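Chemist: Given next are the chains, with one letter for each unit.
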Amino acid sequence: MSTETESTGIKRRDFLKVVGGGAAVAASIGCSSDRVEKLIPYLVSPDNTVPGVSTYYATTCRGCAASCGVIAETRDGRTTKLEGNPAHPLNRGALCATGQAELQALYNPDRYRSPMIRKNGKLVAAKWDEALQLFSQKLGQTRSRGANNAVFINQHESGSFPAFLDQWLSDYGMPPHISYDSGVDTAAIAAHTAAYGVAWPRFDFGATTLIISFGGDFLDGWGPSVPQQLDWADARAKLVGAPRLVYVGARRSLTGLNADSWLDCKPGTEVSIARALSGDMPVAQAAQASGVDAARLQSVVDEYRAAKPGLVIAGGHVANSTDLFTVVAALNHSNGAVGTSIRPDQAILGYEGIAPAAELRALVDRMNAGSVSLIMVRGANPAYNMPRSTGFAQAMAKVPFKVSFASIMNDTSEMCDLILPDHHSLEQWGDAEPVRGTLSLQQPAMDPVFDSLATSDVLIKVAKGDPANAAKYALPDYRTWLIARIPGGDEGMATALPKGIVAGSSLARTARPASSAFAAAPDIASTSGDLFLFVYHHPVLGDGRGANKPWLQELPDPVTKLTWQTVVEMHPLTAAKMGLDNSDLVTVTTSAGKLTAPVYLYLGIRQDTVAVATGRGHVNAGRYAKAGENAYDLLPLAGNSAGGIAMVSTKASVTKAGGSMLLATTEGSARQHLRDIARAIPIGELGLAGEPKHAEPQEEHLPGDASHEFLPGLRSPVANDAQGDFGDPASKDKGMYDPNHWSHMAQRRWAMTIDLARCTGCAACVTACYAENNIPTVGAEWQGPQIMPDRTGFGANITRSREMAWIRLERYYEGGEDGSADFETRFIPMMCQHCGNAPCEPVCPVYATYHAPDGLNVQVYNRCVGTRYCSNNCPYKVRYFNWFGYGEPHRSQYAFPEPLNWQLNPDVTVRGKGVMEKCSMCVQRIRGAEHRAKLENRPLRPDEFTTACAEACPSRAITFGDAADESWSVTRLIKDERAYHVFEELNTFTAVVYLKKVNHPAPATAPAHA
Amino acid sequence: MAITTRPATDVELLRRPNIPSANVRLPAVKDYEQVDDEIIGTLHPTAQWFIGLGVAILFLLIGASAWTYQIYSGLGVAGYNPPVMWGVYIITFVFWVGIGHAGTLISAILYLFRAGFRTTIYRCAEAMTVFAVMTAGLFPILHLGRPWKFFWLIPYPNWRYIWPQMKSPLVWDVFAILTYLTVSATFLYIGLVPDIAVLRDRETNPIRKRLFAQLALGWRNTDREWRHFVRAYLFLAAFSTPLVLSVHSVVSFDFAMSDVPGWHTTVFPPYFVAGAIYSGIGMVFTIIIPLRKWFNLKHYVTINDLDAAAKLALFTSLVVGVAYMMEWFVAWYSGSPAEKQFFANRLWGQWWWASALLYTCNMVLPLSLFSQYCRRNTTWLWILSIFINIGMWFERFVIVVPSLSHEYEPWQWAGYRPTWVDYAILCGSFGWFAMWFLLFIKQFPSIAITEIKEIVKPRLKHRHAMGVDSTGLPLPFMPDTPGEFD
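Order-wise, the sequence lines are chains A and B.
Just so you know, the working numbering puts 543 at position 543 of the first sequence, and the rest follows in order with no gaps.
Just so you know, the working numbering puts 385 at position 385 of the second sequence, and the rest follows in order with no gaps.
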């Protein structure tokens, strides 16, 4: 053998080298480019950790000031899902989109991975020892030069930490911290405090019959979204006797779209309408001042006079809101709302103690004067959301030493000299006091993702190293301090933690001296410009906190349905006058600055007003936050007497900028075109239909023989037929499609009802679905196809309608074709209808979609070859295609850059390139519950589990269950007289049953009650 | 008015527009030798041919690169815009399948009908069919999200006992296309056998000669071979005939079986078949008019033949015209808002220009063929054929894109705009088709030598010079040979 090799001139070693080299090349370019990861089993398992089994931690959401309770589902040490805590008094099990997206703050790829110190003008990573030493050194220097020159700005939060922080600051001789939250309406808080004694009362909408809201956008993140939405939906679900909502404002927000009537007053003239209500101003005069049709105003005034108790709420976005609040408070005191529908006794305490923007404005002067030597910022991002006209960022740059405790990079932290990254709230201990007498506990749900340290512990560590304070901070960490405050200490904490709440109250923070207010803003009508400028807080991104979370960027704004983009909202008639159309670029110029963005034609805005949302257009807040433009740049230096920034205080000149930019919208046509998709019924016609004819009990259906009479496609007429092999009705071999099969799968029919009378269109379900089902976001700049010049940039895939949202909220207008303000909006969540007679199934050539015996329309990703015929044939258009490899890390379209991929639900596949996907009705939850029941040797309990969308829904509009079993609530709801199927005429026999929206027409026009 | 009873003279017959009949005259073709010389003479590669082939291959490579890029990146690089989940690829698929149909119609159905004008053009048309189907067959694979799994559509025995969904029209497509490709390729080859034998006899290059000898299946021009050949040809013609109707009907089921407004209609199968034949004849014109010029074959493919084919185009254009109007009527008659609004949108919506283009090309311009002058003007015929090709491509565009973009759910209405990848692959398909066609016409006679000889008068002095049998006697003239001498 050796002679042979020698004879060919190739030595064995050379041969092996070549082969080895070739194999190495093949291995490096073939198979997998991922690095090898070793699976190491636990030798000693941590407590409560069983691989593959979730652990649930009750903790507190810090997404906004309200502090809802959440339950963090943690699998193998990683938190994968947040659900509302049903025991929590505030959110009662529901959770909004912002709350859901806290996970993307936890796993944000732009989090600081370690402390950072600015060296030679650049932030470089450092060790904690070095960073803390530098911090202590600077603290010492500051103290020696007069600690009064130090400022601590904390993102407002409720609970004991603010008091702890104030204590620490005072131990260092520093003034109490500024508790800043630019996302809340400080004017409303001041007014509530003055009128009702609390910062934010609970509004019990069910206790009234008429709500008049002057820009009080209680469904848009004005105040605690989730509890307000729960109350609102519960009130509206009464149907008969439900409150009517009249919205007054220049722009219909989500709250405005949910309103039954809209008085489109000029910005700044809300107060005249309020005076008309109180009778202080004649209706005609008020109508003339506000630009509202006098007859409509008169009917609202009449209605208000007749309504007892009425409820009037007002938001403080306009500069002259103080006058408005005074009148509104008087109205509420006179109409009996206080104590019935305004409940100061059930106040939301998270809104107490927020410093108004005027404090930061005053700080600007001090910083400019050089009298601030050290500024510390935690969480808040004033460099972004203090309007540029206040000069905050420039002033802050002058401070000699700036410390940030930011967890994720933001515009403010990037200016700082030292970054001591805080834990995310899901990684640290804390508490909040959401309602009086109840503490909502915050505990770490997992180990820290990065090398961060809770600010509270940083403070303790630093104090320990300080000879002057070491004695006071003998405790090991903040957790110990916190437990000491809980009744019962360690044991009390241990019993309280599983529930997440405990009786108690947080420490009072040190009150700060009242600061100077803003100079009075000029009358908006007297400012220069062509159109009123209406700047508002984005309902999802808020004041910009959500901007670096791709879920929230991609979540269509509930009102405009735009993603990844800042637009100028304009009335169609105004745009027509200016020769503009959707997506034409315009420049909005105010005295403070200008902004260029595409036009979006919006019916719900006055013709003399343009609107721009805040939240986007960050300079330095991570990779996703760059999308859009910064609306704060437009705000002139104007506030209200409560010290808040007036969001609506000026006119603006709007000019054509030339060119256009495609709208990254998910909206196709906002009209139903006679399709009867989102149906509504006037309240007067409820009950007139008599007994619903579908309510008769049905004889047992064998799959395949259901009559067309039964309403909701509970049994598919073709369920067994769906499996072609068993299609013969005479066949005895129906397999699992036989109801008597031992699995009894065919005895179930998973179904869902969606109550459109409850649904507000808030889209929390959408984000919940993204979180549960590993849905990729596709709108980032680098995910775009980059193949056409006009399709690049943020939202490029969205402009091609390639969003992947398995559930979407459609928003249809009724009326208002002529541009009038008198139009109705219907929201309808649309997801896979799990048709009994599904058009998608027979057209799939490879059985990638087929019918499960329990009624689910199943998509088998591994089998899909991507013909997309199923999507063509789906009347509901709820199938989504993986145009790119969104789940493949080496691609630019990768949707889960490390560590966002840590959030992925291990129960759900990350779909590959080229396959179709759609709503599975959370099949992983169904099977999980079935398996659990099996293990516990019991049948499934009615309403034992639900889908992610239903679980999150803050209006409790979605109900999921087994429609073949009378004991599930969904079965009862399906028999409601309002029940209908979308496109019933197509014989699809859908499993999703909608309950018609109920319209509450103004009394004058309402048909007589039968 | 006196009734003329005398038979038409030769001159009159030549002038008279050719009525589909076996009575085709090629007065400029004197004898068999001329046929052999002139047709085989076209097989010598020329510089222009090489340039043409190079361009075709370049186009093919552009398309192939685009496809490679698309496979690597994902279908997102194409211009899909949900809910428009089908786009240029499916349009082009239907376009090429349709092109194929004229070839089979001409070679099979017209053969059975003894339509004489087919004789000179059928070889081209049939080659066109095979290559068009080969082109079309790529597109269903090309448009898949995971093209490497395309074989899952084929019912092959497998361990998982998973069979394709036999209800899916896409599976029917697989059968239809594969059947069509097999039958039309066989048909083309069988017809070629006697011609290949001629090539073999004339070939001097030993390798090519060997190759031709293999392909000619040992053809020796015997009585028995001819008898079998004609029977086999007749059988295959009869076998192909239903395919002309069935294949495009099946393709139309891709649309008609769905519930999409604008697709879900029973008129689709006949409408698609007529459209296919129409488009195929257009493509035949596109190919044959330059070909007869470049190959100097104008005296074979006569104006009379083109005139007759033009009448067929006119007829099929009228059929599709009626189908278009039927669609509007049914949409109105259905009472379904989705259908009505869709057709309104088709006419006046964002793609009004595509519909206008289609109606102009397929309904209006072909009306010119009522004029004999137009039918006999090859320049106009060629220009019209380009319009027909464009019109038929846009017919499929109008079927696929506007329907999908305006379905039941208004919230999901959207637009569609192809990207460079779509265009590159579209070009690549023309390159692929042209490459095969160009290769074919330089390897095999693009006009059937055998069948031409049937309509050429033999030189009677050579009547018995066909050879001698083993005893040395001249072989007798065989009267049952096709194309009996007059």
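In short, the hints are calculated from the structure, not lab data.
Small disclaimer: the values here were computed from a predicted structure and weren't measured.
The C-beta atom is built at its ideal place from N, Cα and C for all residues, glycine as well.
Be careful, since some hints might not be right.
As the list claims (entries may be wrong) - Have a look at the derived ranges for each label pair, beta carbon to beta carbon: (1) R679(A) <-> A356(B): 29 to 39 Å; (2) T379(B) <-> R623(A): 58 to 68 Å; (3) Y69(B) <-> P889(A): 13 to 23 Å; (4) M166(B) <-> R679(A): 35 to 45 Å; (5) I162(B) <-> W902(A): 51 to 61 Å; (6) P889(A) <-> W352(B): 57 to 67 Å.
Said to hold, decoys possible - Computed footprint of chain B on chain A; a stretch qualifies when at least three of its residues, placed anywhere within it, have a C-beta under 8 Å from a C-beta of chain B: (7) 441–450; (8) 666–677; (9) 793–806; (10) 845–852; (11) 870–876; (12) 914–921.
Unchecked claim - Calculated lysine to any residue pairs in the SDA-like style (CA-CA distance at most 20 Å, straight line): (13) K167(B) <-> Y847(A); (14) K340(B) <-> L674(A); (15) K38(A) <-> P889(A); (16) K340(B) <-> Y847(A); (17) K340(B) <-> D676(A); (18) K127(A) <-> H333(A); (19) K149(B) <-> K127(A); (20) K149(B) <-> T68(B); (21) K149(B) <-> Y847(A); (22) K149(B) <-> E888(A); (23) K149(B) <-> N862(A); (24) K311(B) <-> W328(B); (25) K340(B) <-> G140(A); (26) K167(B) <-> N837(A).
Chemist: Evaluate each hint against the coordinates.
Modeler: Structure-based check of each hint:
no. : hint                            : verdict
1   : R679(A) <-> A356(B): 29 to 39 Å : holds (37 Å)
2   : T379(B) <-> R623(A): 58 to 68 Å : holds (60 Å)
3   : Y69(B) <-> P889(A): 13 to 23 Å  : holds (20 Å)
4   : M166(B) <-> R679(A): 35 to 45 Å : holds (38 Å)
5   : I162(B) <-> W902(A): 51 to 61 Å : violated (35 Å)
6   : P889(A) <-> W352(B): 57 to 67 Å : violated (45 Å)
7   : 441–450                         : violated (count 0)
8   : 666–677                         : holds (count 10)
9   : 793–806                         : holds (count 4)
10  : 845–852                         : holds (count 3)
11  : 870–876                         : holds (count 5)
12  : 914–921                         : holds (count 3)
13  : K167(B) <-> Y847(A)             : holds (10 Å)
14  : K340(B) <-> L674(A)             : holds (11 Å)
15  : K38(A) <-> P889(A)              : holds (19 Å)
16  : K340(B) <-> Y847(A)             : violated (33 Å)
17  : K340(B) <-> D676(A)             : holds (15 Å)
18  : K127(A) <-> H333(A)             : violated (58 Å)
19  : K149(B) <-> K127(A)             : violated (51 Å)
20  : K149(B) <-> T68(B)              : holds (15 Å)
21  : K149(B) <-> Y847(A)             : holds (13 Å)
22  : K149(B) <-> E888(A)             : holds (19 Å)
23  : K149(B) <-> N862(A)             : holds (10 Å)
24  : K311(B) <-> W328(B)             : violated (26 Å)
25  : K340(B) <-> G140(A)             : violated (79 Å)
26  : K167(B) <-> N837(A)             : holds (14 Å)
Checked against the numbered hints given earlier, this structure breaks hints 5, 6, 7, 16, 18, 19, 24 and 25; the rest are met.
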